[in-house]
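> These protein sequences, in sequence, are chains A and B.
Residue numbers are given in numbering that gives the first Met the number 0: position 26 of the first sequence equals residue 25, and the series is strictly consecutive.
Residue numbers are given in numbering that gives the first Met the number 0: position 64 of the second sequence equals residue 63, and the series is strictly consecutive.
Be aware that a few hints might be false.
Said to hold, decoys possible - Here are the simulated EDC-like pairs of lysine to aspartate or glutamate, each with C-alpha atoms no more than 20 Å apart in a straight line: (1) K131/B / E30/A; (2) K131/B / E151/A; (3) K131/B / D89/B; (4) K152/B / D89/B; (5) K115/A / E96/A; (6) K188/B / D205/B.
Think of the hints as simulated: they come from the structure by calculation, not from any bench.
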Amino acid sequence: MQPPSWTARVSPAKDGRAERKSPARTPASQEIARILAQVPDPEIPCVSVIDLGIVREIEPDRVIITPTYTGCPATIAIEQAIRAALDARGFGGVAIETTLTPPWTTDWISDEGREKLRAYGIAPPPKGAGAASLKNVAAAECPRCGSTDTEEISRFGSTPCKALWRCRACAEPFDRFKCH
Amino acid sequence: MNALATYALRLGDDSLILGQRLSEWCGHAPALEVDLSLANVALDQIGQATHFLALAGELEGRGRDADALAFRRDVMDFTNCLLVEQPNGDFAQTIARQFLFSHYQELLFAALAASKHERFAAIAAKAVKEVKYHATLASDWVVRLGDGTEESKQHMIAGLDWMWRFADEMFAMDAVDAAALEAGVGIDKAALKPAWNQRIDLVLADATLERPASRRPVLGGRRGHHSEHLGHLLSELQFLQRAYPGATW
Chain A
0 MQPPSWTARV
10 SPAKDGRAER
20 KSPARTPASQ
30 EIARILAQVP
40 DPEIPCVSVI
50 DLGIVREIEP
60 DRVIITPTYT
70 GCPATIAIEQ
80 AIRAALDARG
90 FGGVAIETTL
100 TPPWTTDWIS
110 DEGREKLRAY
120 GIAPPPKGAG
130 AASLKNVAAA
140 ECPRCGSTDT
150 EEISRFGSTP
160 CKALWRCRAC
170 AEPFDRFKCH
Chain B
0 MNALATYALR
10 LGDDSLILGQ
20 RLSEWCGHAP
30 ALEVDLSLAN
40 VALDQIGQAT
50 HFLALAGELE
60 GRGRDADALA
70 FRRDVMDFTN
80 CLLVEQPNGD
90 FAQTIARQFL
100 FSHYQELLFA
110 ALAASKHERF
120 AAIAAKAVKE
130 VKYHATLASD
140 WVVRLGDGTE
150 ESKQHMIAGL
160 DWMWRFADEM
170 FAMDAVDAAA
180 LEAGVGIDKA
190 ALKPAWNQRI
200 DLVLADATLE
210 RPASRRPVLG
220 GRRGHHSEHL
230 GHLLSELQFL
240 QRAYPGATW
């Protein structure tokens, strides 16, 4: 497994010094990042919580996460999985906090995460599309045969973050990660 | 409860009751895709409710959390608008309710995302992305049923005709709304009406449907005056906490 391309952030020091952004200065944050890169999403276990962009900040004493969808039932499971992983590696004192701002977007899914999704059979969302292109979405690329001769069957799929598509070329149905 | 807590409570109650209603379709919808869609919309609504009710509890400051507010209040303490508690009826009636509500909710959250209160703004900014899907889904079905067969058209007309009388309540402003607006937290709901009308009319035209005749609006949900339907809904929603108070797992 490759090391995560993660930049740990350090909170402003109490004496008001400017925020530093140097992962080398915070070995604890780096270690936490490495642990979280091994925590899979409970619904889509091919990607980690880091790949999905759920983890927003890592500090030596706390991890800040954000839900994908407000009603996603995996939100609690994700927090529990992160808790268990941190506890198991001796980071029981690290708090997990949740934030809603800024709202999660599929643009935060890493390039590596997109490739993992495709290999898993889920068409990844186009980058930079956001929710603006809700109508007239460009055809998804079939994760099995690569054809773009595809059609949407249902905008709501097996989880809140996926839509149901079908490939006309190879006749396989597949999930598409919604632009969000 | 103070005005801001009540403001959050109303937003949470609208989402909670609609989410519970929609979840009644689980396993009963006309097609698998529709079943998934309605369950997804229900989940989004319940997620929003969790955030707004938690906020209401914090603003109230009496130690009640989202679960306490959802499961341990009686029917007259609920502040949802009457539209969301209307029974599902047939599929067209459910779609009519969703159509009228989701377009309102999308406009509401888009405006509320600019609230001075960062918690209200954060929940709204997140939820508006989800509600866009709901509005699109409902609009697509209004067109499909309205411009479908003679049979489906009649069902769509009847569904809209029933739900229409509850639409005005969504835009009604009272003392709580005025106080929230004054504080820079809430929004002017009445001002959303022209944009809502425009959206509704566009879809109705596409669906070859007439706008339902205006009738006297039915109000009272915000003050706890509900139809008998809400009591039945709560008896299911709150069953476990009523039978086993404080139960956890």
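> Does each hint hold? Answer for all of them.
Structure-based check of all given hints:
1. K131/B / E30/A: violated, 39 Å
2. K131/B / E151/A: holds, 17 Å
3. K131/B / D89/B: violated, 23 Å
4. K152/B / D89/B: holds, 13 Å
5. K115/A / E96/A: violated, 27 Å
6. K188/B / D205/B: violated, 26 Å
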